[in-house]
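Let's have the full structure, built from the sequences with the hints guiding it.
Here are the chains, one letter per residue:
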Amino acid sequence: MTAVGASAEAVLKITDLSVAYGEGPEVVRSLDLTLAPGERLGLIGESGAGKSTVGLAVIGLLRSGMRITSGSVVLNGRELTGLSERDLRDTRGNDIALVYQDALAALDPVKSVRSQLDEAIRAHGDLDRAQREAVMLDAMAGAALPVEHLDSYPHELSGGLRQRVSIAMALANKPSVLIADEPTTALDVTTQSRVLAVLDELVKSTGTALILITHDLGVVSACCDTTAVMYGGRIVESGPTQEVFQSPRHPYTQALVRSVTAIGRSDLERLPVIEGAPPAAEAIPSGCAFAPRCERRDGDPLCVAESPTLAELVGAPHRKAACWHVETDGSDG
Amino acid sequence: MAVGILVAFAVLAFSAPLWYGISPLATDPAHVLGAPSFAHPMGTDDVGRDVFARFLAGARISLAVGLGVAVCAGVVGAGLGVLGGLGSGWVDTALSRLLDMVLAFPPLILAMAITVGLGVGLITACLGIVLSTIPYYARITRSDVLRVRSAGYVEAAVALGVPPRRVIRRHIVPHVVPTILVQAATTFSFAILSVAGLGFIGLGAQIPTPEWGTMVTEGSSLFISGHWWVSTFPGIGLLIATAAAAVAADRVRVLADPHATVRTTLA
Amino acid sequence: MIAFVARRLSLALISIVGASVIAFVILRVAPGDPARLVLGQFATPAQIAQFRRANGLDLNLAAQYWRFVSRFVTGDWGFSYGSGVPVRHLLISRLPATVELALTAFAWAAAAAVLLALACTYRTRPRLERSVNAVAFAGLAAPPFWLALLALLALSLKIGIFPGPDGQINARLAAFPHPTGFLLLDSLLAGRLDAFASVVSHLVLPAFVLGLGVWAYLYRLLRANLLEVANEPFLMVVESKGIGRWTTFWRHALPNAGLPTLTAAGLVLAWLLGGSVLVEAVFDWPGVGGLVVDAVGQKDYSIVQAFIVVSAATYVAVNFLVDLLYGVVDPRIRTAVNHGAQQ
Chain A
267 MTAVGASAEA
277 VLKITDLSVA
287 YGEGPEVVRS
297 LDLTLAPGER
307 LGLIGESGAG
317 KSTVGLAVIG
327 LLRSGMRITS
337 GSVVLNGREL
347 TGLSERDLRD
357 TRGNDIALVY
367 QDALAALDPV
377 KSVRSQLDEA
387 IRAHGDLDRA
397 QREAVMLDAM
407 AGAALPVEHL
417 DSYPHELSGG
427 LRQRVSIAMA
437 LANKPSVLIA
447 DEPTTALDVT
457 TQSRVLAVLD
467 ELVKSTGTAL
477 ILITHDLGVV
487 SACCDTTAVM
497 YGGRIVESGP
507 TQEVFQSPRH
517 PYTQALVRSV
527 TAIGRSDLER
537 LPVIEGAPPA
547 AEAIPSGCAF
557 APRCERRDGD
567 PLCVAESPTL
577 AELVGAPHRK
587 AACWHVETDG
597 SDG
Chain B
286 MAVGILVAFA
296 VLAFSAPLWY
306 GISPLATDPA
316 HVLGAPSFAH
326 PMGTDDVGRD
336 VFARFLAGAR
346 ISLAVGLGVA
356 VCAGVVGAGL
366 GVLGGLGSGW
376 VDTALSRLLD
386 MVLAFPPLIL
396 AMAITVGLGV
406 GLITACLGIV
416 LSTIPYYARI
426 TRSDVLRVRS
436 AGYVEAAVAL
446 GVPPRRVIRR
456 HIVPHVVPTI
466 LVQAATTFSF
476 AILSVAGLGF
486 IGLGAQIPTP
496 EWGTMVTEGS
506 SLFISGHWWV
516 STFPGIGLLI
526 ATAAAAVAAD
536 RVRVLADPHA
546 TVRTTLA
Chain C
316 MIAFVARRLS
326 LALISIVGAS
336 VIAFVILRVA
346 PGDPARLVLG
356 QFATPAQIAQ
366 FRRANGLDLN
376 LAAQYWRFVS
386 RFVTGDWGFS
396 YGSGVPVRHL
406 LISRLPATVE
416 LALTAFAWAA
426 AAAVLLALAC
436 TYRTRPRLER
446 SVNAVAFAGL
456 AAPPFWLALL
466 ALLALSLKIG
476 IFPGPDGQIN
486 ARLAAFPHPT
496 GFLLLDSLLA
506 GRLDAFASVV
516 SHLVLPAFVL
526 GLGVWAYLYR
536 LLRANLLEVA
546 NEPFLMVVES
556 KGIGRWTTFW
566 RHALPNAGLP
576 TLTAAGLVLA
586 WLLGGSVLVE
596 AVFDWPGVGG
606 LVVDAVGQKD
616 YSIVQAFIVV
626 SAATYVAVNF
636 LVDLLYGVVD
646 PRIRTAVNHG
656 AQQ
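Residue numbers (the numbering used here), protein chains in the order written: chain A, 267 to 599; chain B, 286 to 552; chain C, 316 to 658.
All clues given are correct.
Covered stretches of chain B, as calculated for chain C (at least 3 residues, CB under 8 Å):
id	segment
1	380 to 392
2	480 to 494
3	508 to 520
With a straight-line Cα cutoff of 25 Å, these simulated SDA-like cross-link-like pairs (lysine to any residue) come out:
id	chain 1	residue 1	chain 2	residue 2
4	C	Lys-473	B	His-512
5	C	Lys-473	B	Leu-318
6	A	Lys-440	C	Met-551
7	C	Lys-473	B	Leu-507
8	C	Lys-614	B	Gly-404
9	C	Lys-614	B	Ile-492
10	C	Lys-473	B	Ala-320
11	A	Lys-440	C	Arg-566
12	C	Lys-614	B	Thr-409
13	C	Lys-473	B	Gly-319
14	C	Lys-614	B	Val-405
15	C	Lys-473	B	Pro-321
16	C	Lys-614	B	Leu-403
17	C	Lys-614	B	Ser-506
18	C	Lys-473	B	Ile-509
19	C	Lys-473	B	Ser-506
Worth flagging that the hints you see were computed from the coordinates, not collected in a lab.
No experiment lies behind these values; they were computed from the predicted model shown.
By construction, the Cβ of each residue, glycine as well, lies at the ideal position given by its N, Cα and C atoms.
So this is what it looks like as structure tokens:
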């Protein structure tokens with residue numbers, strides 16, 4: 267079970283994680299994921315694939331009604347599932363932090379940047395006023411935020427600045443893991459790259475491991491060491507970003523990569539599409555979730571009968587895929 | 286359910302003369318301050334009047350007052366609101382200022398003032414409450430009309446040349462009516478409580494009218510001597526009627542605005 | 316900012332002037348000739364004419380209005396027809412008791428509304444919520460004067476844990492100086508714990524009854540506003556910083572939900588003003604409300620008139636202050652206002 271890039275001991279290790287909505291269907295299904303210190307992992311998938319839910323489950327902030335039904339989340343050697351609310355609180359913002367997707371909705375509109383930043387710092391450790399001020403300025407500088415915005419209110423800042431406030435807030439206590447859930451979707455394209463650059467720089471300098479949740483392959487290829495592709499609540503392929511993008515193995519990843527690289531071409535009319543739509547959580551097929559849309563399946567009854575496990579590729583042990591038609595250590599043929 | 290209670294109340298109260306023989310005003314010196322019994326389900330007061338008969342008569346008054354005030358203030362207020370919302374700028378401004386002046390009074394205090402000015406009594410008390418609730422209708426209707434008026438589909442209808450009369454009937458009225466209904470239910474309970482309050486301090490119905498608030502006043506001195514039933518029952522009547530109307534207001538709000546379901550059922 | 320304040324102020328002034336006209340017109344048609352009321356049935360026509368001249372009743376309506384307003388502004392609110400005491404003195408001497416009662420009622424009502432609305436929202440608690448909602452409906456629907464009687468009967472006459480309807484304090488206790496007029500403070504300042512205990516026990520029932528409706532109203536409003544805020548992502552972000560759920564709701568959901576609740580301050584005041592008239596009488600509370608009820612009974616309308624005008628002025632003033640406060644508290648409006656003023 268060594269995952270990609272996990273040469274050092276993992277900072278975050280998710281094993282067999284399942285999340286369900288009430289007594290209903292599972293949104294995330296026995297998911298395994300390992301993150302090395304400082305690793306930047308891109309978690310890609312279409313909306314509804316369960317990627318945001320993974321992020322929220324890890325930090326213990328699932329929306330009411332959602333709950334972890336099985337599995338474990340180990341952060342720095344400590345099991346997070348089943349931890350008391352108080353212990354979880356000590357972990358959040360200190361060892362693991364979150365940057366929320368909608369920059370415009372992520373900050374309290376009636377509190378100043380200073381008070382919201384201070385709140386994050388004050389929640390962990392008892393620094394005096396001057397020390398906190400220093401940490402604050404440090405965090406602002408790290409996120410390339412001009413100091414004069416410290417006493418601004420969120421509505422006075424642009425979306426890009428607001429998201430940088432979120433980033434400064436999340437990284438103020440130098441957590442070992444940062445979950446960034448679609449951190450740039452609410453921003454326009456030029457702002458996006460700027461915010462991503464800030465995030466990238468900051469993660470590198472603080473040595474924080476990053477889970478970047480996105481549906482944008484470009485973002486992942488620009489700033490992630492490794493990539494995990496989610497489909498129907500599972501990871502279907504993972505490995506070093508460059509390798510995954512250059513030679514995708516899982517049919518879903520292949521289709522995904524094809525549809526993006528096509529954008530560079532001029533004949534936009536023949537943009538390849540993946541036929542069909544991703545399954546809703548309550549209608550995930552019993553076998554491989556992708557089977558109904560798969561080009562490679564070719565009527566193989568195994569694909570609809572049994573779900574393939576995520577296993578190392580033969581000849582490329584640092585890469586994994588979950589497909590009956592890809593040669594892996596876990597499959598029989 | 287809430288509306289059911291109100292309707293049941295009304296049916297019982299207004300049919301009472303048919304099935305309950307005792308007059309609310311008939312005194313009976315032989316049965317003064319009798320505790321609730323089979324003959325007098327709610328007891329008798331200090332001059333031997335049957336409290337149950339008075340309770341039923343009080344229900345007639347309260348329900349009539351609630352309904353009357355809600356309808357009168359509703360018709361005038363909503364009319365002014367539509368006028369302000371559809372009228373030209375200066376009509377709207379003038380109306381708004383006028384209503385602001387009325388709104389400068391706390392509602393119950395304005396009702397007090399009008400009652401004092403026009404002469405103490407049940408009718409003037411009702412008139413006072415009507416006047417003090419009109420602006421609330423008008424304001425809420427006006428803002429609704431303005432909202433609907435600038436809605437895309439209304440502007441489209443106007444642009445297509447639909448005659449104004451038809452636009453108002455087809456597009457504006459259906460939107461405004463639920464809002465007015467909610468306001469009417471709220472006004473209904475406010476009116477009942479206010480008339481009782483004015484009656485209690487001597488500005489509403491006068492003794493010996495069997496109005497619930499006045500009845501509470503009459504019984505209040507008897508309370509201390511332990512004759513609790515004279516004041517308690519009219520109070521319970523007030524509580525039930527007002528609460529039912531408040532619940533009904535919430536229900537109408539939910540029915541009128543499906544999106545607000547969560548908010549209003551819980552709040 | 317100045318333009319904003321000026322606009323609001325002018326609107327408030329127009330309201331007050333309008334209200335004073337309305338009050339004047341209404342009360343000038345009041346039945347009963349003040350001259351007869353003051354001088355009694357056996358006054359001669361000459362005495363009455365003399366009285367009418369002295370009080371400006373022979374002037375035309377506009378002049379009478381002007382006389383009424385100018386005198387009112389300068390503090391001449393007329394005399395009580397019954398006792399001959401200046402109305403202003405009467406009202407002012409009764410004011411502290413009413414303010415003390417209203418503030419106590421408001422304090423518990425607001426605190427309970429905030430705590431219960433938060434408790435019902437920060438976690439899903441269907442059972443607590445259902446019971447609180449039921450009580451809130453009852454609180455809105457129950458006539459305060461009737462509730463006051465019931466409370467007296469149950470807790471004072473039957474069980475006897477609270478004193479009966481005999482005002483603010485046990486009259487048999489030795490007197491102490493009243494520098495502030497608020498007995499809670501005065502008794503403490505005088506170091507009189509026995510008096511303080513008596514004041515508190517006298518205050519509990521009326522404050523409870525007067526505050527119940529305010530509590531119910533504020534609770535329902537705050538709860539609705541909290542529900543709207545409860546799903547805002549920024550609350551989750553706060554939690555992701557390691558802040559507990561209660562603290563998150565207290566620090567962030569409450570201010571956001573509380574701002575729109577501020578606009579209800581006017582209606583709360585209206586409730587307290589109207590309620591004090593209804594409740595004080597029952598408890599024989601030596602406040603303004605009781606004074607007004609007595610005045611109504613004795614047809615002493617100069618007191619009622621002054622009370623009505625003062626109520627309206629206070630009401631407009633509070634609504635005006637809330638408007639301003641709203642601008643100061645909400646940074647979004649504050650900026651908008653500042654920008655507006657610069658243009």
